[in-house]
Amino acid sequence: MTAETKSVRVKIPMTYVVALVPVAAALNIIGGVINSALRLPTFLDMIGTAVVAITLGPWWGALTGVITNVVLAFVQSPVALPFAACNVVGALVWGYGVRWGMGKNFVRFFILNILVALFVTLQAVPIYVFVFGGATGHFSDMMTAAFLAMGQNLIVSVFSSNIIVSLADKILSGFLALAILEALPKTLVMGLEVTKAERMQKIAWIVAGLVVAVLLVFIYVYGLRK
Amino acid sequence: MGTVGRKAELGAAIIVLGLLALLLPWSSATVASLDFVPSDAYSILTGTVYALGIIVILAGIAVLRLKEEE
Chain A
11 MTAETKSVRV KIPMTYVVAL VPVAAALNII GGVINSALRL PTFLDMIGTA
61 VVAITLGPWW GALTGVITNV VLAFVQSPVA LPFAACNVVG ALVWGYGVRW
111 GMGKNFVRFF ILNILVALFV TLQAVPIYVF VFGGATGHFS DMMTAAFLAM
161 GQNLIVSVFS SNIIVSLADK ILSGFLALAI LEALPKTLVM GLEVTKAERM
211 QKIAWIVAGL VVAVLLVFIY VYGLRK
Chain B
1202 MGTVGRKAEL GAAIIVLGLL ALLLPWSSAT VASLDFVPSD AYSILTGTVY
1252 ALGIIVILAG IAVLRLKEEE
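Chains as they are written, first to last, in our numbering: chain A, 11 to 236; chain B, 1202 to 1271.
Careful, some of the hints might be misleading.
What the hints assert, rightly or not - With a Cα cut of at most 30 Å, we get these calculated DSS-like pairs of lysine-lysine:
#: 1; chain 1: A; residue 1: K206; chain 2: A; residue 2: K114
#: 2; chain 1: A; residue 1: K21; chain 2: A; residue 2: K206
#: 3; chain 1: A; residue 1: K21; chain 2: A; residue 2: K114
#: 4; chain 1: B; residue 1: K1268; chain 2: A; residue 2: K196
#: 5; chain 1: A; residue 1: K21; chain 2: A; residue 2: K196
#: 6; chain 1: A; residue 1: K114; chain 2: B; residue 2: K1268
#: 7; chain 1: B; residue 1: K1208; chain 2: A; residue 2: K114
#: 8; chain 1: B; residue 1: K1208; chain 2: A; residue 2: K196
#: 9; chain 1: A; residue 1: K21; chain 2: B; residue 2: K1268
#: 10; chain 1: A; residue 1: K196; chain 2: A; residue 2: K206
#: 11; chain 1: A; residue 1: K21; chain 2: B; residue 2: K1208
#: 12; chain 1: B; residue 1: K1208; chain 2: B; residue 2: K1268
#: 13; chain 1: A; residue 1: K114; chain 2: A; residue 2: K196
Said to hold, decoys possible - Stretch-level coverage of chain B by chain A, calculated; a stretch enters the list once three of its residues show a Cβ under 8 Å from a Cβ in chain A:
#: 14; region: 1233 to 1242
#: 15; region: 1256 to 1266
FYI, nobody ran anything at the bench for these hints, they're computed from the structure.
For every residue, glycine included, the Cβ atom is placed at its ideal position computed from N, Cα and C.
Let the hints inform the model, and build the full structure from the sequences given.
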């Protein structure tokens, strides 16, 4: 690693932090709100966390995660606040994982996303079971109920349903974050060993367009109801 | 604006974790009042404090491993 590269990774312009952290938190919040409005079998509240954890650092990602869940607790449901710890764990695994060479190519990055899903689930299961008694009103509760009906105990049922949802969510979030990285200034990512995603930039625009379209439809539908 | 390093990163994260800890009693009381939650406020607070405690310990380890290069 050259001295120039090392200096980029150790010292980050404050402007990037001030600009990126609130935007990433806003992206998480919008993702979380859309997800719960559409009752999707994902979470979508960690895309911004992944972007910040990979580019700025794991603890900046943790900061973004906490801001996200605190805001979601006030605007959506207080259920979101205990899960701030999960957002922090995701940020740490993404941030340290990329810095330990897990982002060098697509295969490693894919494995990193699976590890994020696993660690987040390991953090989430005790919160689900001991804090909420197994149900939070999320889509995965139906799967938990199905596993319980099969004769599994509560911890295994919650783990099984959460890992399925979490795997889909973290792989989606991780690769969307990779696409967003392509749009960021090169100085921000030049010190990092992250795989390139030139083709995914187009997918990111398509996804962004879809998100905006769905958001507009919801605003329209809720507007008509009122 | 200048530049920020690892120390500022960890400092900011620990401050926000502290703010999160301050919100936990409110959150526990609010969550306990929800219909589908069987736990009481004390149990919810205990569970969330344990979850947060693990993160704070990890933050402490990161501070200890911080090199004196800044």
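For each hint given before, does the structure comply? Return the numbers of the non-compliant ones in rising order. none
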